[in-house]
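Participant: From first to last, the protein sequence lines are chains A and B.
Be aware that the first sequence starts at 1, since it is given in full-length UniProt numbering, and climbs by one per residue.
Be aware that the second sequence starts at 1, since it is given in full-length UniProt numbering, and climbs by one per residue.
Bear in mind the hints are in silico, worked out from the structure with no lab data behind them.
C-beta atoms are modelled at their ideal positions from N, C-alpha and C, and glycine is treated no differently.
Among the hints, erroneous ones may be present.
FRET-style restraints, in silico, Cβ to Cβ [as the list claims (entries may be wrong)]:
| # | chain 1 | residue 1 | chain 2 | residue 2 | range |
| --- | --- | --- | --- | --- | --- |
| 1 | B | Gly663 | A | Lys129 | 33 to 43 Å |
| 2 | B | Ile714 | A | Glu147 | 22 to 32 Å |
| 3 | B | Asp667 | A | His50 | 49 to 59 Å |
| 4 | B | Thr724 | A | Val16 | 51 to 61 Å |
Below, computed lysine-lysine pairings styled on BS3-like, alpha-carbon distance capped at 25 Å [as the list claims (entries may be wrong)]:
| # | chain 1 | residue 1 | chain 2 | residue 2 |
| --- | --- | --- | --- | --- |
| 5 | A | Lys29 | A | Lys129 |
| 6 | A | Lys192 | A | Lys129 |
| 7 | A | Lys176 | B | Lys655 |
| 8 | A | Lys192 | B | Lys465 |
| 9 | A | Lys192 | A | Lys176 |
| 10 | A | Lys148 | A | Lys176 |
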Amino acid sequence: MSIASTCSSPPGVRFVRYENEAHLPGIQKVVGSSLSEPYPIFTYRYFLVHWPQHCYLALDGTNQCIGAIICRLQPHKNTLGFEMDHGAESDGEKFDSKLAVRSVHGVLVPAALMRGYIAMVAVNPNYRKQGIGSKLVCLAIESMLQEKANEIVLETEATNTQAIHFYQRLGFIKEKRLHRYYLNGVDAFRLKLRAPL
Amino acid sequence: MNSPLPHHIPHGWVDITPLFREATHGKQMQTHIVLHMTTTGEAQFKAFLSGSKMQLGELLMASGFELLDAMSALEIMDPKMDSGMASVADSAQSLRFDWATPLSSPQALWVMDTFMACEVTWHTGFSLVQTVLTCIYYPYISQMTFEGLTALADSQPHNFLLYVYLVITTKCIRLVSHEMRKGNVYEDEDFSTATYGQSFAEQILPHQVPALLAQATALVQSLAESHAADPHQCRIYRAMHNRFEVRAKLFDFFNLLASPTRATMPQCHQMATLIRILVASDIGVQQTYALGTAIPGAFSKQCACRYSGHMPPRPVDILGIPSATQWLLGMLSAMIRTTSPHHVGSPEGLTIFLQLLQYGTAPLAPFVRSWLISVIASWDSVLDCYSHRNVVIDSIHMFSCPEMHILPLARAKDYAARMNDFHPALMDKQYEASARFLAWVVEPYFGIYRSYCQNRPRQRRLLHKLVTEWETVHLEALSLERQDAQLAELTVRASVKGPIRENRAFSAWAYDIKLGLMVEFVLDAFGLDLYSPFEYVIGYWYADYLVNMRLNNAQSLLGQLQQRRDRLTDASEDAHRITESIGFLTYRTTYLALSRELCRGLVMLLAGLQRLDQHDACSYGLTTGDAYFNCRFRLFMMVQTPTYLPYSEWAQVDKHFSQTEPGVLLDTAHRHFEQSDGYARDALSLIANDANHDFSIDHGLQHHVLAMQETARINRSTVLWVRTKYDECPEVLAANRWVTWADGGHPMAPDYLRCRPITPPPP
Numbered sequence: 001m002s003i004a005s006t007c008s009s010p011p012g013v014r015f016v017r018y019e020n021e022a023h024l025p026g027i028q029k030v031v032g033s034s035l036s037e038p039y040p041i042f043t044y045r046y047f048l049v050h051w052p053q054h055c056y057l058a059l060d061g062t063n064q065c066i067g068a069i070i071c072r073l074q075p076h077k078n079t080l081g082f083e084m085d086h087g088a089e090s091d092g093e094k095f096d097s098k099l100a101v102r103s104v105h106g107v108l109v110p111a112a113l114m115r116g117y118i119a120m121v122a123v124n125p126n127y128r129k130q131g132i133g134s135k136l137v138c139l140a141i142e143s144m145l146q147e148k149a150n151e152i153v154l155e156t157e158a159t160n161t162q163a164i165h166f167y168q169r170l171g172f173i174k175e176k177r178l179h180r181y182y183l184n185g186v187d188a189f190r191l192k193l194r195a196p197l
Numbered sequence: 001m002n003s004p005l006p007h008h009i010p011h012g013w014v015d016i017t018p019l020f021r022e023a024t025h026g027k028q029m030q031t032h033i034v035l036h037m038t039t040t041g042e043a044q045f046k047a048f049l050s051g052s053k054m055q056l057g058e059l060l061m062a063s064g065f066e067l068l069d070a071m072s073a074l075e076i077m078d079p080k081m082d083s084g085m086a087s088v089a090d091s092a093q094s095l096r097f098d099w100a101t102p103l104s105s106p107q108a109l110w111v112m113d114t115f116m117a118c119e120v121t122w123h124t125g126f127s128l129v130q131t132v133l134t135c136i137y138y139p140y141i142s143q144m145t146f147e148g149l150t151a152l153a154d155s156q157p158h159n160f161l162l163y164v165y166l167v168i169t170t171k172c173i174r175l176v177s178h179e180m181r182k183g184n185v186y187e188d189e190d191f192s193t194a195t196y197g198q199s200f201a202e203q204i205l206p207h208q209v210p211a212l213l214a215q216a217t218a219l220v221q222s223l224a225e226s227h228a229a230d231p232h233q234c235r236i237y238r239a240m241h242n243r244f245e246v247r248a249k250l251f252d253f254f255n256l257l258a259s260p261t262r263a264t265m266p267q268c269h270q271m272a273t274l275i276r277i278l279v280a281s282d283i284g285v286q287q288t289y290a291l292g293t294a295i296p297g298a299f300s301k302q303c304a305c306r307y308s309g310h311m312p313p314r315p316v317d318i319l320g321i322p323s324a325t326q327w328l329l330g331m332l333s334a335m336i337r338t339t340s341p342h343h344v345g346s347p348e349g350l351t352i353f354l355q356l357l358q359y360g361t362a363p364l365a366p367f368v369r370s371w372l373i374s375v376i377a378s379w380d381s382v383l384d385c386y387s388h389r390n391v392v393i394d395s396i397h398m399f400s401c402p403e404m405h406i407l408p409l410a411r412a413k414d415y416a417a418r419m420n421d422f423h424p425a426l427m428d429k430q431y432e433a434s435a436r437f438l439a440w441v442v443e444p445y446f447g448i449y450r451s452y453c454q455n456r457p458r459q460r461r462l463l464h465k466l467v468t469e470w471e472t473v474h475l476e477a478l479s480l481e482r483q484d485a486q487l488a489e490l491t492v493r494a495s496v497k498g499p500i501r502e503n504r505a506f507s508a509w510a511y512d513i514k515l516g517l518m519v520e521f522v523l524d525a526f527g528l529d530l531y532s533p534f535e536y537v538i539g540y541w542y543a544d545y546l547v548n549m550r551l552n553n554a555q556s557l558l559g560q561l562q563q564r565r566d567r568l569t570d571a572s573e574d575a576h577r578i579t580e581s582i583g584f585l586t587y588r589t590t591y592l593a594l595s596r597e598l599c600r601g602l603v604m605l606l607a608g609l610q611r612l613d614q615h616d617a618c619s620y621g622l623t624t625g626d627a628y629f630n631c632r633f634r635l636f637m638m639v640q641t642p643t644y645l646p647y648s649e650w651a652q653v654d655k656h657f658s659q660t661e662p663g664v665l666l667d668t669a670h671r672h673f674e675q676s677d678g679y680a681r682d683a684l685s686l687i688a689n690d691a692n693h694d695f696s697i698d699h700g701l702q703h704h705v706l707a708m709q710e711t712a713r714i715n716r717s718t719v720l721w722v723r724t725k726y727d728e729c730p731e732v733l734a735a736n737r738w739v740t741w742a743d744g745g746h747p748m749a750p751d752y753l754r755c756r757p758i759t760p761p762p763p
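Extracted from the complex, chain A is given alone in its bound form:
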């Protein structure tokens, strides 16, 4: 059973994959009104041009954007240069047949290389509490998992307990606490989802 299928779609809301620049103003509007960080248009385009297949929109009956998720999927920089083959250059110690580790300068790192990153998730305040955000996140996760993501990370405000619980329900765990990560001075948690083996 796919992750996305576990999230129900609210009636009257369509979920579409990002197609072209015509979607950008709607995304900017909904993200700009929901998130504290001021993102320039270059940030949107950085994600949307590189990884349009992992960006989704929620549209209402009049095709207005009421929610959006923007993601990235690329090799994790700390593990670049290593072969994808599990076990290569590893110290051989494993705790799972597919989740191998290898020693890098004395530090064990996972052999997983592809890291998905959920950069922005936003839903119009008038449409919240209807499962739209959940559906968007599930769609993005599934999209990245299909492209062999080994892990998916995101940051969320440490005070946003609802979001943290939501992601924990999906299987994310807290990996780090980022000191004053946001411009408003709030700490962030980096949450990580390990891809199913």
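Assemble chain B onto chain A, guided by the hints.
Facilitator: Just chain B now, kept in the frame of chain A:
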């Protein structure tokens, strides 16, 4: 041009400001607009634009245009990002404010304190724009000359006092900022050194500052005397005098740090932390803050927004009594942790020590190495840690000494001299190497202490780094002891009988430090809120696992020492040292056993409650499979340390928990808490019988033991309460799910040493 940006344009950048001005019909520009392209690239770019027919959504992309560039890009004319757009309000406000208005003494005091609060906030990690530069007097004093300033003393005494104070504070800020940038060992999340092109009252030279201070101090004293009949005014002037004294000491201290012979960033940053604590705890500030009278508009968020597109995210923190108390407690706690026996020395210092000994004296390397082995063996491992701890305590105390810039090395040399165990041919080098090693040992304590106060996530990363380094030291120590055991026997002192190869003191010492760091790493995550409630069991189980390894290591050392002690006569010097070491190690094993039992009790208690509550799956809507998978992943994240823990061990324990009746788990928890109480009594007894009071009074160990004993007692009563309820009606208890961890935070945070009991619900 009013641009705050430097007018120099780096090579490869093209200034298109004239073009833009032309396009905007000559509107005034506040900033330069530059494009990064070479002349050749510009021509190609223009040719491309003229010949291309780009569609909506098509982009010209550079291969190196990454996320950081995208995030850093400016959108011109957008007030949120174009700082030039915000300068109008800035100018208008500046024009409205009259700096030359004579101030009253309460007004001057208020500005002083608020400015200091801004400085403190800067030390906590905010930028100058958000803090110090919000003071509207700042640009004024930045232009004031020495002569102009001194001339104010008679006509506007309170203005003079305020301006002198601001100038000296600015000088302190400059010194700290300079040192921080020069040191280059900080992280931007800890400290912001960007000056936004501002000068720090450079027109007043450093050698003129003492004269200003002296003049201001004399003036405030004379003012206090002239207002002796007015207690209120006297208090204000006394408060001012207090501030000048503190500021003078800080200025001298920073100047010492900035001197060419001793420019040490860590101490500087440490001092910055102490400023915050000093300011917060300064009785004068707390009690007389109300004496000040606010000046509307003297501190404005708009004042410096032209320097940055980012508005201050929150008001400048004015530290009050609650936050002062919090910082003081944090500092005391950090000191206790710093001086506790399971902290570490510097692996870097140790590496230098080894290099100096081995490579600096290549022809004599075998003898040096054997000497090293014998010396380290004679340190008796744990006692060595204990001795180094005194160096650390001295180094912390030295902050009150004006000669602090020479004390650490001098103290280290003194200690090295007392070792009196050098090879005659290598006296100088060994002496210097030992001294440097001991001086370096102090450094990581500063690091941990600093990061504890400033940034706990950074402390966690530092711990992780230290674990990795100490793993290397441990492996090298093992190798060294293995290779040189025979050489060591050649130089063993006559009083030591028997082969020294039996003693693995060096490697055991390194191993113990590594395990201690790992425990810290795991438990630190509780304070950072990294564990979800259903993961608490794993956290304490892994802490128990590590503490148990430390205990085994300590017991092994204790056995070795007792064997050595049995071979010696009572009169020998070594016998006394080893006996002392055995005493300390006995206490240490008791303390570790206490920690282990407490951990195990908590594991069993949490596991029992989870079994009652089925918390691991229900509260988060996880399926059992998800929870199981998450536990495995959490364990992996937790043990990203060189000593890799196989998942299978936890899986067995988890299976045992799932198959055991909750009541049995609770009974086991009770038993462990009882045993920990017994160990606590033993430890307290050892402390009471310690004639020298070596490890009880000075280092707060008794406090630790008492705290753990209290923790065990409270948790024991909790177990009994739950057990009673469980016996009464287990089904109801399970259905009610009264332990709402998901909403209530962590019942055990921050770590097992200071854990809070689970609060039972009201009956």
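Participant: Output the numbers, in ascending order, of every earlier hint that fails for this structure.
Facilitator: 2, 7
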